[in-house]
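Protein chains in written order, with this note's numbering: chain Y, 861 to 1068; chain S, 861 to 1068; chain Z, 861 to 1068.
In the DSS-like style, the derived pairs of lysine-lysine whose C-alpha atoms are separated by at most 25 Å in a straight line are: (1) Y:LYS885 <-> Y:LYS924; (2) S:LYS885 <-> S:LYS986; (3) Z:LYS999 <-> Z:LYS986; (4) S:LYS924 <-> Z:LYS1066; (5) S:LYS999 <-> S:LYS878; (6) Z:LYS885 <-> Z:LYS924; (7) S:LYS924 <-> S:LYS885; (8) S:LYS999 <-> S:LYS986; (9) Z:LYS924 <-> Z:LYS1066; (10) Z:LYS1066 <-> Z:LYS999; (11) S:LYS924 <-> S:LYS878; (12) Y:LYS1066 <-> S:LYS1066; (13) Z:LYS986 <-> Z:LYS878; (14) Y:LYS999 <-> Y:LYS986; (15) Y:LYS885 <-> Y:LYS986; (16) S:LYS1066 <-> S:LYS999; (17) S:LYS1040 <-> Y:LYS1040; (18) S:LYS1066 <-> S:LYS924; (19) S:LYS1066 <-> Z:LYS1066; (20) Z:LYS1066 <-> Y:LYS1066; (21) Y:LYS878 <-> Y:LYS986; (22) Y:LYS924 <-> Y:LYS878; (23) S:LYS1066 <-> S:LYS878; (24) Z:LYS1040 <-> S:LYS1040; (25) Z:LYS999 <-> S:LYS924; (26) Z:LYS986 <-> Z:LYS885; (27) Z:LYS1040 <-> Y:LYS1040; (28) S:LYS999 <-> Y:LYS924; (29) Z:LYS1066 <-> Z:LYS878; (30) Z:LYS924 <-> Y:LYS999; (31) Y:LYS878 <-> Y:LYS999; (32) Z:LYS924 <-> Y:LYS1066; (33) Y:LYS1066 <-> Y:LYS924; (34) Z:LYS924 <-> Z:LYS878; (35) Y:LYS924 <-> S:LYS1066; (36) Z:LYS999 <-> Z:LYS878.
No lab work stands behind these hints, which were simulated from the structure alone.
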Amino acid sequence: MKFSFRPVEGAFYDLFTKAAQNLVKGTELLNELALPGVDVQSVSERLTDVEHDSDQITHELYRKINSTFITPFDRADIYSLGSQLDDVMDHLEAVGNLLYLYGLTELPSLPREMHELITVLDQQAKLTAEAMPNLRSMKGLDEYWIEINRLENDGDRAYRMLLVRLFSGEYDALTVLKMKEVADELEAACDAFEHVANTVETIAVKES
Amino acid sequence: MKFSFRPVEGAFYDLFTKAAQNLVKGTELLNELALPGVDVQSVSERLTDVEHDSDQITHELYRKINSTFITPFDRADIYSLGSQLDDVMDHLEAVGNLLYLYGLTELPSLPREMHELITVLDQQAKLTAEAMPNLRSMKGLDEYWIEINRLENDGDRAYRMLLVRLFSGEYDALTVLKMKEVADELEAACDAFEHVANTVETIAVKES
Amino acid sequence: MKFSFRPVEGAFYDLFTKAAQNLVKGTELLNELALPGVDVQSVSERLTDVEHDSDQITHELYRKINSTFITPFDRADIYSLGSQLDDVMDHLEAVGNLLYLYGLTELPSLPREMHELITVLDQQAKLTAEAMPNLRSMKGLDEYWIEINRLENDGDRAYRMLLVRLFSGEYDALTVLKMKEVADELEAACDAFEHVANTVETIAVKES
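Extracted from the complex, chain Y is given alone in its bound form:
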């Protein structure tokens, strides 16, 4: 049994885990939002609530960095990881917000590639939430990092095929522009999960 001399560290792992679990809530709400006939305003508002929770967690994390003498790893890395988890949520919330503001959910259905991107995000969120507690033991992080990168490639491919469809002439120019905004936020969210994974990798490299 490995005995920890630094019990205060636990608080950091808990906050990272809470932040990542909140991202799972976010992607689940996006899944709901993409269903036909959903109450878009209500789901979009719940997404905004979840985003506020993320802000709270991030601020708590920053306060803890400031008030803790010994941190489990570099302060700058804790800071990066916290703000990158927060970035993911900002993009998820933007997706919900734009779908609602632009009235895109009034279309008979969203393009299939948008659903694919949301599925990728959902998987990335779940993997991230599973990986965060492993920062303690630094075990299993390689698999997580590789899998997030693989999913990001899937997301990239879905994003490109989505653009091909948007520019195919199937939609009018303004609808294309609106959907393009949503597509960009979905893709930015996939990237943002990769940034989180890259920071975890950097931390793991330093600690190994």
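Fit chains S and Z to the supplied structure of chain Y, relying on the hints for placement.
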């Protein structure tokens, strides 16, 4: 009275302050540019001059990093802060340049939300110019950081409402595309001010 | 003769050089792709192969960081440089991919400014490939950094003039949107070369 053993440090604080004051000049020129009936070419050229001044300051800063044995904080952080202040100016100049190149100021008026974004940038620039000298004492930086982040949220909201207006059918597709470019640079400038503030926060955390 | 006590270091310089030489292959393929009457699918596929080679090199680099006790400079910087070289390739590949997917090469000719951007990228790639071996001696890196930044400014100007042309009414809205995607990837590639140069500069500053 706190006695400084490292007088050369002052030069760094002065350069950061000069860089931030230059950003205030930049946002003031954007304010001018958004007025109806202004000589767009002339203001856009003055903005380019101000941008060249920023480049000068940044280069002076880099030279100083290279030629100074003891820096007031991490070289890498000084470097980041300098290049991030420079990034803000690049976005401000791009706004002026695009407004001029696309002939957008020939429209009867720019959308209200564009004015709102410029107002946010102007406030962010002034706060940043006030905060830079405080790097010396590391006092009052929390308030600055919080306020810049609050303003960035305001900017985000204005940006989204601007997109809603642009995509409402009020403008033809090419005008929408042109304004979208300008809107993106305005939003990138708001973000860039936040990046500056985040680096200041990182420095403050390390030094505290 | 300077005797190296750390022969393993050589492997890092070799991998950076290989990664940069691969970028030269990438920009050469873009040059081919922009020629009229070229077999777009075949060139685009060769570009994807070159991109896979980059991934291989990046992974080899990461493995080496993990398995090496003493690295020639900060692990985090080696990591950044590797991933930034990889980012350039991602953008180059995206250009080829989008030109093919959107059928843009079926146009009588691509806008002149796109060719200019590709020429800038080709020069940046060659300079980067020449600079990488100099990381060993840390000589001549200033000139490289300055020249990459100058080229990035050229690229920026070409990009803006390209947008002016795209929004001039010469093309229909969907073609504009497709070309805009390609233009953005070209510009992102120019920027990505600058990020590489900035990291090299950061490393040089630390080592000096």
